[in-house]
Each structure stands twice: as C-alpha cells, then as structure tokens.
Amino acid sequence: MGNETILTVEDLGVTIDDVQILHGVSFTLRKGEALAVLGPNGAGKTVLFRALLGLLPYTGTVRWQPGVEIGYVPQRFSIDPSAPITAMEFFLLQSPNFWRPGAEFIAHLDHELNLMGLNRGVLRKSLGELSGGETQRLLMAWAMLRHPGVLLLDEPTAAVDAGFEETVYAVLHRVQQERGTALLLISHDINVVYRYAQRVLCLNKTVVCQGPPVEALNPAALATLYGEAGFYQHEHGHEH
Amino acid sequence: MHSTYHASFWIALLVGIASGSVGPFILLRRMALVGDALSHVALPGIALALVYGLDPFYGVVVFLIASAFLIYWLEGRSRVPPDAIVGLLFTASLAIGILIIPNGDIIESLFGAFPVLSLPYLLAILLLAAVLAALCFVLARRFLFLIVSPDLAKVHGVDRRYDLALLLIFSMIVALGIKLVGTLLMGALTIIPASIAKNVSHSMRRYVITSAILGGAISVAGVWVAESFRFLPGPAIVLLGVALFVLSLPLARRRAA
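Chains as they are written, first to last, in our numbering: chain U, 1 to 240; chain X, 1001 to 1257.
To be clear, the hints were calculated from the coordinates, so they are not data collected in a lab.
A portion of the hints provided could be inaccurate.
[Said to hold, decoys possible] Computed cross-link-like contacts, DSS-like style, restricted to lysine-lysine with a CA-CA straight-line distance of at most 30 Å:
no., chain 1, residue 1, chain 2, residue 2
1, X, LYS1154, U, LYS125
2, U, LYS31, U, LYS205
3, X, LYS1154, U, LYS31
Note that the coordinates shown come from a computational prediction; the quantities given were computed from them, not determined experimentally.
Build out the structure end to end from the sequences listed, making use of the hints.
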C-alpha cells in the first residue's frame, strides 16, 4: 500500500430538497487501500458515492488524484427488460469502436469476464435476460475493464448468491493486490469489513468513526451507528 | 428525371432511413409519445411562415428546434412532469396552427403531399437526411450510454449534452419529413420502424440497422402505394407501417417466450 492519495474529501455536505443528507464528511483514500463505508439504511452512503462521482451537487471539497480512472459499480441499474441491448453491447459502451470492436478489446474483455466467473456466452444475452447475480458480476467486470485506479462499489454482493459472495471479495482483494486498485466499498456486512478493509468509515449523516476496523469499530461507535439492537445483530454476524 | 414522384421517392427513402435510425433511441428513452407529438409543434411554424409569405420549412425548423430545447430543459427539472406539459403544449400548438393556417393549406400541412421542389432544394434535403442518419450511427454509443445508465455515462464523460444532440437530430429529421408526411403523422414515422424492428431484434446494433432499413422501405412503399392509388403519401406510409407492426407482433411474443 503506497502513501499516494487517490481521493481527499473535506467537509463534504449534501442537501437534497432542503433536507440535509450529509454534513462535515472528511476522509482520504490512498492508493491500493480498501476503505469500507459502513452505516445503517438512510445513512447517506449511496449519496456520498454519488457526490464523489459528481452526480449530485455538494458543498465542501472532493479532490481526486489528477487523471485517476474511476470504476463505479452502482447498486443496480434499471433498464427496460424488453430493450434489445446485449451484454456485449453494454461492454462496447467503453470501446471507442461500438460497431466493429477490435480483437484486442474482445480478448481483454474475456479476461475480465473470467475473473468474475462469467463465460463468453453471457455476452450474447440481452441485459433484460440476466439474473440479478449475473447483472451484479457483469457490472463489476464492466467497472474493472479499464483497470481503474479506484473502484467505487455500492454493495457489490447485495444480489449475488451467498456462495459467490466470497468469490467477489476474493477477486476484489486480488485486484487490489495485483493492480494496486484502491477500493471504496459500501457494505452492510461487518464481517466483510473486518476481513477485507484496511480502514472503515462509519457514516450516519456524518462521520461517526473512522480508522482500522479493529480500532474504529468499538462497541461505543457501533452503538452510535446502529443503536443497541443493530449492534448485537452484527456482532453475531447474522445475514440480513 | 426530376418529377414530383421521383422527388418524393428519394425523400421517402432518405428521410425514411433517417427516421428509422433515430427511432430506436427515442423509443428506448421512452419518449415515443413526446416524439410523436413533437411534430405537431411544426404546425404553428408553418402557419406563421405562410402568413409572412416565407417558405414553411423555415417555420417548421425554428419551431421544432425550439421544442427540442424545451423538452431538454423540462427533462433537467425533476419537479416538472414533462409528458403532461409537452402533451398540453403540443396539442395547443396544433390548435393554434389550425386557427391560423389558411383553409386551402390545412390538409396538406396535416397529412403531407407530394412536394414540388427545385432541384437544389431537393438535393439539400436529401444530403441533410443522409448526414442526420449517419450521425445517429456515429453517436449511437453515446446515445445508448445515456439510455443504459446516465450515471455511468457521466462517470465516463458522456454527459447530457448528447441527449440534447439526440433531440436536435430528431427534430431536424421530423422537419425534413413534414412536407411529405405531414405534421400529424411525421412523428409516427420515426416511431413505427423502430417499434417493428424492436420486435425482431436481439441486439442494439441490429436493432438500429433493421429500423433504418425498415424506415426507408416503408416510406418508399408508402409513396408507391399513394402514387398508384392516388392517396396522400403521409397516411399511406403510416398505415403500411402500422400493418407491418401488427404482423411483427407474433415474432415479439416468440422472442419473449
């Protein structure tokens, strides 16, 4: 893990329709680091991502390392299931040549698909035919296609089968190690945070705690974040 | 060589192809109704041009381009339901147009006619239609990006200006076809080939190509039918297209099954 800073956020605030969603959020993300964003529903995790990506107006500072390539895996995307758009064409959105993709692009695409446990056959399916798990893996392969310097993942395992969840995190871990990709991931699963994240950012409208998981996630911080009931549930590692 | 019929044939072919090329993007953006109604806005443009003794085409272009900007602006504001406003405004334009247009020109303005054009004028229309169709193919990736996910598109540097580009291309194609097909039906010509092609296409690339071919074929066939049976070209083209759409429905069901 290098000391190069990929992202610096200072005093970030987001207000939507006069409702304050986030305020006073400050943190940094370093090259090759995995930072998990943890927080209850409605804490503003997805809003934070959207602000970082410039999809929402915000106050404060968001500073990306100049020229850094950003990969974004949204929680879901809604597309008319009858739209005749193949998975291949979804990838071709990133190709300079949409109508006649080069052999190099296809070979590279194969590689990223394999990484996510998908085979070429999936490319012929239309986006509407894909299962929730396939869509999620496809979105991840899509985001990793250009080997971004940083990946923003909004609950990457929300729709995949329980058995595949481990694979997803193993792949992310590998990408982090081999390519030095920084990961910023939203997760509900505290076990995942402990296992894969070097640092955690607890968010509930503002930053409740941050630091290495073992230090930051002390009982007091978790109680503030989730309330007592939520804390015990997470402590036992239940799926929910 | 350059008779009204030949001119209509070439306009039908190229404007039909252009309509078919832009249609899939309008349809997938769920703007079929807005697109259909957009052509009605041309009517007050025709009316004003006639009142001031100008070529109606200029009135049409000005009004359609203005509505493209209006739709784009409305879409950017989440608080306003664009379809309701567009529906009201476009119907109002129709009403205003009908009141102003001289009686003798109403039918032609609404349903189109075999146009009488000078050769340079005709060539300009054909060239513009070809350029607009080509633009749909060149910009297809960006248009599709915004349809699939505006968020991902923005992260990858494809912003909403391409939505405006799509609306402007669409408006210009509608403007080119209005003389032949008429203000009431021209919007439909952009939607029909795309609706048929959607029923028989599995991929986006085939979808756009099929729709473009169908647009040209339906329009040319419509002009031929209209010429042979002395119909107005607009209704002939649209009815032919609708008939083909009905025939394509079983194919859509088979694909979905």
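Against the structure, the hints come out as follows:
no.	hint	verdict
1	LYS1154/X to LYS125/U	25 Å, holds
2	LYS31/U to LYS205/U	26 Å, holds
3	LYS1154/X to LYS31/U	23 Å, holds
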